[in-house]
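Colleague: Following the hints, complete the assembly by docking chain S onto the known chain C.
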Amino acid sequence: MRLQSRSRCLALALGVALAGTATAAAPAGPDAIAANGLPSGVPACQTCHGAQGEGNIPAGFPRLAGAGAGYLAAQLAAFAAGQRRNPAMQAIAAALSPKQQAALARYYAGLGRPAAGAAAAEPSPSDAGAWLAARGRWTADIPACAQCHGPHGLGIGDAFPPLAGQPAGYLAAQLQSWKHGTRPPGPQSLMAAIAARLSDDDVAAVADYYASLPADGAAAAPAGATR
Amino acid sequence: MTTSTHFMARALLAGVAAAALPGAGVLAAETVAAAAKPFTPPAERAMPEGEFGKMVRRGEQIFLHTRQNAPAFVGNSLDCASCHLDAGRRADSAPMWGAYVSYPAFRSKDGTVNTFAARLQGCFNYSMNGKAPPLGDPVLVALESYSYWLAKGAPVGTKMAGAGYPKLAPPALAPDFARGQHVYDAHCALCHGAGGQGQASGGQPAFPPLWGPDSFNWGAGMHQVNNAAGFIKANMPLSQGDTLSDQEAWDVALFIDSHERPQDPRFTGSVEATRKQFHDTPDSMYGRVVDGHLLGSGNK
Numbered sequence: 000m001r002l003q004s005r006s007r008c009l010a011l012a013l014g015v016a017l018a019g020t021a022t023a024a025a026p027a028g029p030d031a032i033a034a035n036g037l038p039s040g041v042p043a044c045q046t047c048h049g050a051q052g053e054g055n056i057p058a059g060f061p062r063l064a065g066a067g068a069g070y071l072a073a074q075l076a077a078f079a080a081g082q083r084r085n086p087a088m089q090a091i092a093a094a095l096s097p098k099q100q101a102a103l104a105r106y107y108a109g110l111g112r113p114a115a116g117a118a119a120a121e122p123s124p125s126d127a128g129a130w131l132a133a134r135g136r137w138t139a140d141i142p143a144c145a146q147c148h149g150p151h152g153l154g155i156g157d158a159f160p161p162l163a164g165q166p167a168g169y170l171a172a173q174l175q176s177w178k179h180g181t182r183p184p185g186p187q188s189l190m191a192a193i194a195a196r197l198s199d200d201d202v203a204a205v206a207d208y209y210a211s212l213p214a215d216g217a218a219a220a221p222a223g224a225t226r
Numbered sequence: 000m001t002t003s004t005h006f007m008a009r010a011l012l013a014g015v016a017a018a019a020l021p022g023a024g025v026l027a028a029e030t031v032a033a034a035a036k037p038f039t040p041p042a043e044r045a046m047p048e049g050e051f052g053k054m055v056r057r058g059e060q061i062f063l064h065t066r067q068n069a070p071a072f073v074g075n076s077l078d079c080a081s082c083h084l085d086a087g088r089r090a091d092s093a094p095m096w097g098a099y100v101s102y103p104a105f106r107s108k109d110g111t112v113n114t115f116a117a118r119l120q121g122c123f124n125y126s127m128n129g130k131a132p133p134l135g136d137p138v139l140v141a142l143e144s145y146s147y148w149l150a151k152g153a154p155v156g157t158k159m160a161g162a163g164y165p166k167l168a169p170p171a172l173a174p175d176f177a178r179g180q181h182v183y184d185a186h187c188a189l190c191h192g193a194g195g196q197g198q199a200s201g202g203q204p205a206f207p208p209l210w211g212p213d214s215f216n217w218g219a220g221m222h223q224v225n226n227a228a229g230f231i232k233a234n235m236p237l238s239q240g241d242t243l244s245d246q247e248a249w250d251v252a253l254f255i256d257s258h259e260r261p262q263d264p265r266f267t268g269s270v271e272a273t274r275k276q277f278h279d280t281p282d283s284m285y286g287r288v289v290d291g292h293l294l295g296s297g298n299k
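Residue numbers (numbering that gives the first Met the number 0), protein chains in the order written: chain C, 0 to 226; chain S, 0 to 299.
Okay, chain C solo, but in the shape it has when bound (with noise of 0.2 Å):
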């Protein structure tokens, strides 16, 4: 069910670089280049990603608003350079400049990040995505989620990516991605050297846990507030 939203939105978004290509007139701005696309090939950003970033669940596709402009510029960059694989995405990547990749980073970044809401539930350990989100798993050198992305899920500064209401494929496609080498290992390869402890079973609780997490931290159920 997922895979098939998923590819859908792919030959959505493969449809609109083909066919919806802006007027040639478009300033390169990047809220134009969001709202519009390019001509060279670039979709608008809004297509799959909302018309404030806020991502398509349904389809997979992630937030964007409120990332950290590091991390959206180092994503661009390694689609651009296929290091990070997405047929999409390498695609869009590429036909950006440097300097409209660091643009559209920025952009987003700005769009905003939420402050965290009121303290909610701990998990208990027989929740096991809520509980690797919270404590990790220390025997197996499993650091707890929350200790790099928040303790709910907002990320933190501009290397560590929100988490919370992504579309759970997508956040289940990336760590398999980190574990099968199709996405670089990120700063100081932390992802990946975590990633490669997880299980599939670890992979699917944790990344439906955050799927489960209100984008906007509004009354979450944070991984490590108080009880």
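If you are wondering where the hints come from, they were derived from the structure by calculation, not from laboratory data. Incorrect hints may appear among the rest.
Stated by the list, open to error - Listed next, with one range per pair, are the computed distances between beta-carbon atoms:
#1 C:ALA139 <-> S:GLY110: 38 to 46 Å
#2 S:GLY52 <-> C:ASP30: 28 to 36 Å
#3 S:PRO41 <-> C:ALA139: 41 to 49 Å
#4 C:ALA195 <-> S:GLY268: 51 to 59 Å
#5 C:ASP200 <-> S:PRO41: 42 to 50 Å
#6 S:PRO154 <-> C:ALA80: 23 to 31 Å
#7 S:HIS181 <-> C:GLY28: 38 to 46 Å
#8 S:ASN298 <-> C:GLY109: 25 to 33 Å
#9 S:THR39 <-> C:ALA80: 55 to 63 Å
What the hints assert, rightly or not - Computed list of chain S residues with no C-beta within reach of chain C, every gap over 12 Å:
#10 LEU84
#11 GLY135
#12 GLY156
#13 ALA205
#14 GLY211
#15 THR267
#16 ARG287
We put the beta carbon where it would ideally sit given N, CA and C, even for glycine.
Modeller: Just chain S now, with coordinates in the frame of chain C:
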């Protein structure tokens, strides 16, 4: 790389040493056997029920989220679990099961025999740069209950493998600020920030500040270069413990502990006198001049 391989490597080394020293074999072999099996605290799902279980759980939550759950006693952006990883369970990260069975003990820090509760008070005074909960305060009762539960089955009064932070051998080269800064920039700044200030998430402190007004004060154990070096070597960068060389750990520990932080609560009115009375060790940078600044004299 993992704690268990770390222990195995140590045991192997000890075995080699024992073989090379005839006559010391029996004792060394016993030590090896003890070191090869680090203590395992009870599983989280085995936490007891009832009134005592409630107190254990409360202690665990204070330990993990100290600022939220014991706000009256915390004066910085740290939690107990910032330095005691995995909620105080992890070997070589000053686990609470190792601490619990080590008290009462005499501490030169205050010249008295400290109970475990008094030792916890010290953490609040120094590491948390706050104020100590009074003896009998529910915060101390909860933390003691949690630690007692973690130590279930641990031998009392024995120095356990994995207790405290590892003691590194003296470095080949004297720890160096410039080399330490290089290590910091390459391995630490990503999370703790170029200025050691830590980073927040959703408006809440997340990565701990390592120096500056929101970090531990000049009386905390971690301000001593040897303690910081042992912690860093075994545990940092997070999830990549035992990847820095001993020399890198010493250098970066010196770098981190050569920055200004909140005053030692035992401050006598003079940095020089305070150094003489409480910091008279090569492992403390308090009262030393670094980059033209007298450490301990206030914000640079």
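Colleague: If a hint holds in the structure, say so; if it doesn't, say that too.
Modeller: Hints and how they fare:
no.: 1; hint: C:ALA139 <-> S:GLY110: 38 to 46 Å; verdict: 43 Å, holds
no.: 2; hint: S:GLY52 <-> C:ASP30: 28 to 36 Å; verdict: 55 Å, violated
no.: 3; hint: S:PRO41 <-> C:ALA139: 41 to 49 Å; verdict: 18 Å, violated
no.: 4; hint: C:ALA195 <-> S:GLY268: 51 to 59 Å; verdict: 54 Å, holds
no.: 5; hint: C:ASP200 <-> S:PRO41: 42 to 50 Å; verdict: 24 Å, violated
no.: 6; hint: S:PRO154 <-> C:ALA80: 23 to 31 Å; verdict: 56 Å, violated
no.: 7; hint: S:HIS181 <-> C:GLY28: 38 to 46 Å; verdict: 39 Å, holds
no.: 8; hint: S:ASN298 <-> C:GLY109: 25 to 33 Å; verdict: 32 Å, holds
no.: 9; hint: S:THR39 <-> C:ALA80: 55 to 63 Å; verdict: 45 Å, violated
no.: 10; hint: LEU84; verdict: 7 Å, violated
no.: 11; hint: GLY135; verdict: 23 Å, holds
no.: 12; hint: GLY156; verdict: 26 Å, holds
no.: 13; hint: ALA205; verdict: 5 Å, violated
no.: 14; hint: GLY211; verdict: 16 Å, holds
no.: 15; hint: THR267; verdict: 38 Å, holds
no.: 16; hint: ARG287; verdict: 31 Å, holds
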